[in-house]
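Start from chain A and add chain B according to the hints.
First to last, the sequence lines map onto chains A and B.
Mapping of the first sequence onto the working numbering: position 6 corresponds to residue 6, and the numbering continues sequentially without gaps.
Whatever position you read off the second sequence (first residue = 1), add 1000 for the working numbering.
Because the hints were derived from the structure by calculation, they are not lab data.
Among the hints, erroneous ones may be present.
[To be verified] Taking lysine-lysine pairs in the DSS-like style, the calculated list, with each CA pair at most 25 Å apart, reads: (1) K1069/B - K54/A; (2) K1006/B - K128/A; (3) K128/A - K1068/B; (4) K98/A - K1211/B.
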Amino acid sequence: METAFQLTDLTKNFSDFRLGPLNLNLEPGKVLGYVGPNGSGKTTTMHCLVGLIKADSGQAEIFGKENNPNKVDWKFNIGYVGDKHVFYENWSGEKNLKFISQFYPDWSDKMAQSLIKRFELPIEKRAKDLSSGNRVKLSLVQVLSRFPKLLILDEPTAGLDPVVRTELLDILFEVLEDGERAIFYSTHILTDISRLADELAFIDNGQIKLKAPKDDLTDNWKRISFKLNENKVEFDNVVNIENEGNNYKVISKNFESTLQHLKNIGAQNIQETRMGIDEIAVYILKENK
Amino acid sequence: MYRLLKTEINYFKLHLSVIVLVSLIFTICALNNIKLFPQIYFLEKYFWSVIVGLGIYAIVFMIWSMRKKEMRERQHALLPISINKLTFTRWLFGVSPFILVGFYIEMLRSILPSQQLIYIERINGQLGMMFIALVGFDLVINSWFALQSKRYDKRLIYTVILSIALIILSFGVIYIVSASIIKPFGFGGEEIFFFIWALIISLVDATIFTKRKLLVG
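Extracted from the complex, chain A is given alone in its bound form (with noise of 0.2 Å):
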């Protein structure tokens, strides 16, 4: 089956930082959170799926064919929003629009004045004149009216303040939930991405962690409290453990074998709690340190 995107093996090296090897793909329609720290590689990731950096090693492919810099036809197929819009500063939002569409044969003008109404967006104002938001909304319309297969958007709320963010993303997510393009999304902030994803990959460090349904996640990483008389028992697929005498509170992330094995030992008065998908992250990244 066709890939949206396949890195495998992908390597990038810097003097302080090792990105990879690599190996991430995703389905064509579907929705990948991209998870991690700062500086944990994600956007060295991107870069390099979008050509923007020449990895050491591996390959990238983009709806099969790869991302070689001098057969550009994979291009057409993806639209990426980085965490730095680049404009013609000292053009309006209208000429910058101008100058992209040129380029691109699917170009819709109804497309780009519905999300410019959409959002609201000032067009006439030069880019530089515009604030953080725009600057994002702007460089939104650039990709969406272009009607990509593969959406790679870069922390694309990065630095703007939490009203603004919010607003954006519901008109974004609004525009995106008719679930018909694939969409690679990194963030640090995982309630950016929670309601949109269908998987999420975890990265640290420059290795991914995990990738998993986002369903499954919130299945298998369950609080679990009860009660047990017993000290000193180990148990099954427990990240963290929490106790006040014989009363127990432990973050499983298998919650199913977690709890059979509570019942083999006699636990009591067992109480699940579902977690959210921001807090099974950060337990994911932590064990894996």
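Leaving out everything else, chain B in the frame of chain A:
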């Protein structure tokens, strides 16, 4: 490629029109033998070489600083244009002002009466040196990014020092070589060698640009 070049020219049309304006004023003065400093020979001799040579360099430098500030390489690298076409467009846009003005000065040389050659005597030498400085600087940047990292490394310092040393050295060597080779032919000025040298550096620079591992900045 053509669209990209057209866009760049359109975006920097104000800067580029200053180059045209300076050249136009200079031409009027040269053709009509208008002396701006009739009493001071020294000033008259160097004025236009400084204004045209340094002026054009300053404008081109401003253009490239602006391109750098606005992360033009990053913006263009994301477009569906091959790196070879992107490089050629970039090269053409970078060398054109120097080549066109240099060629224009040589044209003037062929029509100016000998007593008015003072106007153009040193312009191409000055312009050629500025041309070398600019492409040399770009070569340093591109070599660095072709070598590797966006993060700090001692190699950057070594590369910069070596490149600057080579450029300074090349000025002296080229001048001696050009004077000895070209002068006997009575060709329109040994300064032309600066241009040839700058063009060679720019072609090396363009080749290295295609090998860049980072286009993020």
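We went through each hint and held it up to the structure:
A distance of roughly 22 Å separates the Cα atoms of K1069/B and K54/A; the hinted pair therefore holds under the 25 Å criterion. For the hint linking K1006/B to K128/A, the alpha-carbon distance of about 21 Å falls within 25 Å, and the restraint holds. Proposed proximity of K128/A and K1068/B is supported: the alpha carbons are some 15 Å apart, at most 25 Å. Note on K98/A and K1211/B: the hinted pairing is violated, with a Cα-Cα distance of about 30 Å set against a maximum of 25 Å.
Checked against the numbered hints above, the structure breaks only hint 4 and satisfies the rest.
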